[in-house]
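Chains as they are written, first to last, in the numbering used here: chain A, 12 to 245; chain B, 44 to 299; chain C, 9 to 328; chain D, 1306 to 1592.
Nothing false has been slipped in among the hints.
Computed cross-link-like contacts, DSS-like style, restricted to lysine-lysine with a CA-CA straight-line distance of at most 27 Å:
| id | chain 1 | residue 1 | chain 2 | residue 2 |
| --- | --- | --- | --- | --- |
| 1 | A | Lys206 | A | Lys195 |
| 2 | D | Lys1417 | C | Lys252 |
| 3 | B | Lys164 | B | Lys213 |
| 4 | D | Lys1468 | A | Lys127 |
| 5 | B | Lys236 | B | Lys213 |
| 6 | A | Lys127 | A | Lys182 |
To be clear, the hints were calculated from the coordinates, so they are not data collected in a lab. Computed from a prediction, not measured in an experiment: that's the story for all the values here.
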Amino acid sequence: MILRAESINTYYGASHVLRDVSLAVDRGEVVCLLGRNGVGKTTTLRSIMGLTPPRSGRIFLMERDISGLPPHQVARSGVGYVPDDRRVFPDLTVEENLELAHRFSGRQDGAWTLGKVLDLLPALRSLSPRRGRHLSGGEQKMLSIGRALMTNPSLLLLDEPSEGLSPLVVKGLVEIIRTIREEKVTILMADQNLKFSRLVADRAYILEKGAVQHAGTLDEIYADEEIVRRYLAI
Amino acid sequence: MTGAGHPDLLRTEGLRKHFGEVRAVDGVDLDLKEGVLTAVIGPNGAGKTTFINLLSGNLFPDAGRIFFLGEEITRLPVHLRVRRGLGRSFQITNVFPQLTVSRNIQLPLLSCLGTAWRFWKAVDASEEIHRRTEMILAEAGLEEKAHLPACILSHGDQRLLEVGIALAAKPRLILLDEPTAGMNPAERSRILKLIADLSAARRTTFVLIEHDMDVVFSLAQQIVVLHQGRILARGTPSVIREDARVRDIYLGGEIA
Amino acid sequence: MLALRWIFWLTAAVLLLCIPLTGERFYIYLAIQVLVLALFAMGFNLLFGYTGLLSFGHAGFYAAGAYAAGLLLMRTPLSLLSSILGGALFAGALGAVIGFFCVRRTRIYFAMLTLAFGMMVYALAFDWRSVTGGDDGLIGIPRGALWLPGLGAVKMDALWAYYYLVLAITAAGVGVIHRVVHSPFGLVLQGIRENENRAAFAGVPVRRYRLAAFALSSFISGLAGAMVAPLENTVAPTVAHWTKSAAPVLATLLGGIHTFSGPMVGALLFYLIQEFIERLTEYWLLGFGLVLLILVLGFRGGVVGYYEAHLRPALWRRFS
Amino acid sequence: MLEQLFYQGMIGLSLAMFLWLVAAGLTLIFGVLGVLNFAHGSLYMLGAYLSYSAVRILGLDFWVGLAVGPLLVALAGGLMERFFIRRVYHIDEAYQLLLTFAFILIFADLVKWVWGPIYQSAPVPGALGGAIPIFGRPFPVYNLFVIALGPLVGLGLWFLLEKSWWGRTIRAAAADREMAAAIGVDVPRLFTAVFMFGSWLGGVGGALGIPIRTVSPGMAEDYIIQAFAVAVIGGLGNLKGAFFGSILIGLVNAYGHVYAPVFELAFMYILMAAILLVRPQGLFGTS
Chain A
12 MILRAESINT YYGASHVLRD VSLAVDRGEV VCLLGRNGVG KTTTLRSIMG LTPPRSGRIF
72 LMERDISGLP PHQVARSGVG YVPDDRRVFP DLTVEENLEL AHRFSGRQDG AWTLGKVLDL
132 LPALRSLSPR RGRHLSGGEQ KMLSIGRALM TNPSLLLLDE PSEGLSPLVV KGLVEIIRTI
192 REEKVTILMA DQNLKFSRLV ADRAYILEKG AVQHAGTLDE IYADEEIVRR YLAI
Chain B
44 MTGAGHPDLL RTEGLRKHFG EVRAVDGVDL DLKEGVLTAV IGPNGAGKTT FINLLSGNLF
104 PDAGRIFFLG EEITRLPVHL RVRRGLGRSF QITNVFPQLT VSRNIQLPLL SCLGTAWRFW
164 KAVDASEEIH RRTEMILAEA GLEEKAHLPA CILSHGDQRL LEVGIALAAK PRLILLDEPT
224 AGMNPAERSR ILKLIADLSA ARRTTFVLIE HDMDVVFSLA QQIVVLHQGR ILARGTPSVI
284 REDARVRDIY LGGEIA
Chain C
9 MLALRWIFWL TAAVLLLCIP LTGERFYIYL AIQVLVLALF AMGFNLLFGY TGLLSFGHAG
69 FYAAGAYAAG LLLMRTPLSL LSSILGGALF AGALGAVIGF FCVRRTRIYF AMLTLAFGMM
129 VYALAFDWRS VTGGDDGLIG IPRGALWLPG LGAVKMDALW AYYYLVLAIT AAGVGVIHRV
189 VHSPFGLVLQ GIRENENRAA FAGVPVRRYR LAAFALSSFI SGLAGAMVAP LENTVAPTVA
249 HWTKSAAPVL ATLLGGIHTF SGPMVGALLF YLIQEFIERL TEYWLLGFGL VLLILVLGFR
309 GGVVGYYEAH LRPALWRRFS
Chain D
1306 MLEQLFYQGM IGLSLAMFLW LVAAGLTLIF GVLGVLNFAH GSLYMLGAYL SYSAVRILGL
1366 DFWVGLAVGP LLVALAGGLM ERFFIRRVYH IDEAYQLLLT FAFILIFADL VKWVWGPIYQ
1426 SAPVPGALGG AIPIFGRPFP VYNLFVIALG PLVGLGLWFL LEKSWWGRTI RAAAADREMA
1486 AAIGVDVPRL FTAVFMFGSW LGGVGGALGI PIRTVSPGMA EDYIIQAFAV AVIGGLGNLK
1546 GAFFGSILIG LVNAYGHVYA PVFELAFMYI LMAAILLVRP QGLFGTS
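For reference, chain A alone in the conformation it holds in the complex (with noise of 0.2 Å):
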């Protein structure tokens, strides 16, 4: 067991967005959180990374409880994080937006490097010089995730990896996820994409009004009209 949440309960100000949240995520897993727009997906990324630090519940990683730690000692044991809005560093070039993650982690041993990183997202090594602010937002995607990567972490936290993104990079960001989980990192995803998700995951939370409402692997949800109804589509 890579992750455990228990019963994680999150708040913005007074409104309450995760209820009861509890999940695990395996070692070499790819787990999805699955739900339409604002039904908390976001926000358990967010709770698990010590963004937005939830007011119960517990999380543990590889079995230490680090729920409470600040966001960077969360990403110093191994967690990595891409946001649903990119945040790429605009003011740095690509590469310094890699190699700067690259010396805060405390994880420089890992297998990533700038140049595995560069090899499994091609696209941004003839970018390298470019800053982030003017890069296009599919290309803004693929660095958050390089960015992620270069921390070595042993969990990848991606949220939305499909969102807003064209078919043809959809599908080249299938083999990428594919070729992350084969080097051995763990990932929990957040995606409202059924098909997509499919393609890359084992298993899904399905997520309702800030609760788990449902788990199992994707093909047994895909199959199960009634919950694809009543979750997912309209």
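Following the hints, position chains B, C and D against chain A.
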């Protein structure tokens, strides 16, 4: 979905707003009739929030025009749209936190009666304001809490209050941005009942942006589906539910 | 609960009326200072506490009132009261002009803009010698007499007599502010402070209201300044310096920014603390700095705010 | 006539470089932490007094004093950030401004208490003493030194921020605190360091001034306002803007003093207000 009210309550023509290369709203033509409760839905990044911001005046479009009650309001500032009867609520709760609940309601009442410039009379002096405040508080079910500061209300009550503030401006049309976000089931059913009652009484026309399909299908008389900044489909709930393209974009159709 | 409030106000009124009975020039003079700062801070807080705009240039309006009143007394046959009012009106008009520009910005940019305009007034007072007397300032401002209907000219030479005039003007000024903040207009200002965007969605033309608040705030601040010219018989450019703008800020924070009486209570505390520290050491600014630190870090509601949030409920429980 | 113009220009430039050193720290701190430090002028003053003490009281060499004073200022800044300013990042900017204002009062009296209310100054270091003629009028060598040093500091800052990893980290955290934390940057510690560095810059400005500018308890109040004007004109948070803003204000003050004494003081504030109204992002900022 026959509306007996103003046939041309709100209309947009070729509305467009781009942020850099992101085409948030990319040529939307829409017309809404008075009395028809419309839900705007769509997956993430479909442009819903930008669209509502254009309608309410928080943003101005790059191109296209907006008409309200037959009058062009494309570049009208927010407060003048409100005066003409176009109100909104926000995705993130947006009340006057330190003011009491009744003051929260009185502010838009005074402003829209045109008496807010009176600086020599007490707020409480007006019988009419008092009466209308009571009425709105009763509708929102907040009478008991009238004298509490808004910031100590529960999340659900704050959202109800927000709808109350919007109502106090006597709107012909209210844009509601995710009215049920972050609510527990009891709070949710209260706000849904409020919207349904007001809509049924033809007091005001609602347009809501919502992700919760239970809410959408229990309230909406018409659904507009946005996708990549454009209208993908529009129709009654049953029509939309059966629409294969809509189902496809929600499940990630492009990749199959 | 209402009774408690009335007891407070009545006690305050009686005490204020009785101060000249002590016959001590020092106390009367100090009391005048407190009253002037109280009114200045009330004017300032109309903008800060009620509208949510932190001005760091209010000394400019205070000085405008003082200079204008001084010049009217020196160079025109206007009576004392008309000159003081004239000074305040001048400050209000100046506030309307400067405010027209300042309300285009909010937050820190507003603070910087008011600072710049306030210092422009200072620079003008300093450099425009022919009118303002330069760094010497206006010297020899007569206090004049007060024309009262039925009584004719009442001499104001005695400090106690002038004290009662200051008390009356301050009371009137505070009365005006009281009505204004409890009016629909005042409610709208508070709405703008709380949530500008929401206020616009309540149909409020936000900028116009801010401008009105700015002008009124300048008028009240000018009124406070105008009372000082005949008191001291002189006005120097230092009254316009930005460090003078800090006095109402401190008084307001001490007393409590979101309460009506806060700035007045704060003005009293301001001088009490100053007197107290000055008896121990000459470094009273240090004391104020520490008090301000504590206020900002732990008691942003000020003394009156603390009373309303903690002490009053306790009293209420005890006596009911 | 032309000589006068040039000579005043040189005076203006040396004024400008002092302003630049104060404004640089103020600008850096605002650009990264988002806090407008009202007490920055006080740190400048503290730098002057501490270096003055090192030179005059402890009898140290001028250059040693120049090294020691600013380091102590950096320490004071670090304590300020760690124990006070850090607590108000999340609240209304007005209170941030007021909190730092409290430090103006505290430092003003502390300085009076320790050093007394009278004006102080230190001798010009031997190597930089004397004057050389410029258009027939003697111009102090020390001022020339300051004029040369200002751009060097600017260049150093540019290099540090653009080319060093510390600078890159700062730029990353300034743009996005959350994401910097999410890659493992200890943002609170970084912010303390930046605040200390900004304070150090202010301290250097103060220390450099002791041979030619009077050191007095009132200097903080004057300098902070001028530094605000510079920072605003260049665009709050914009270092390049602060550099050229300093030159502009330095020249305006120097020429105003001679050619338009009536408006000498006012002109700077008019410029400041005009920028805030017309181009709030500053002369060199992008909106």
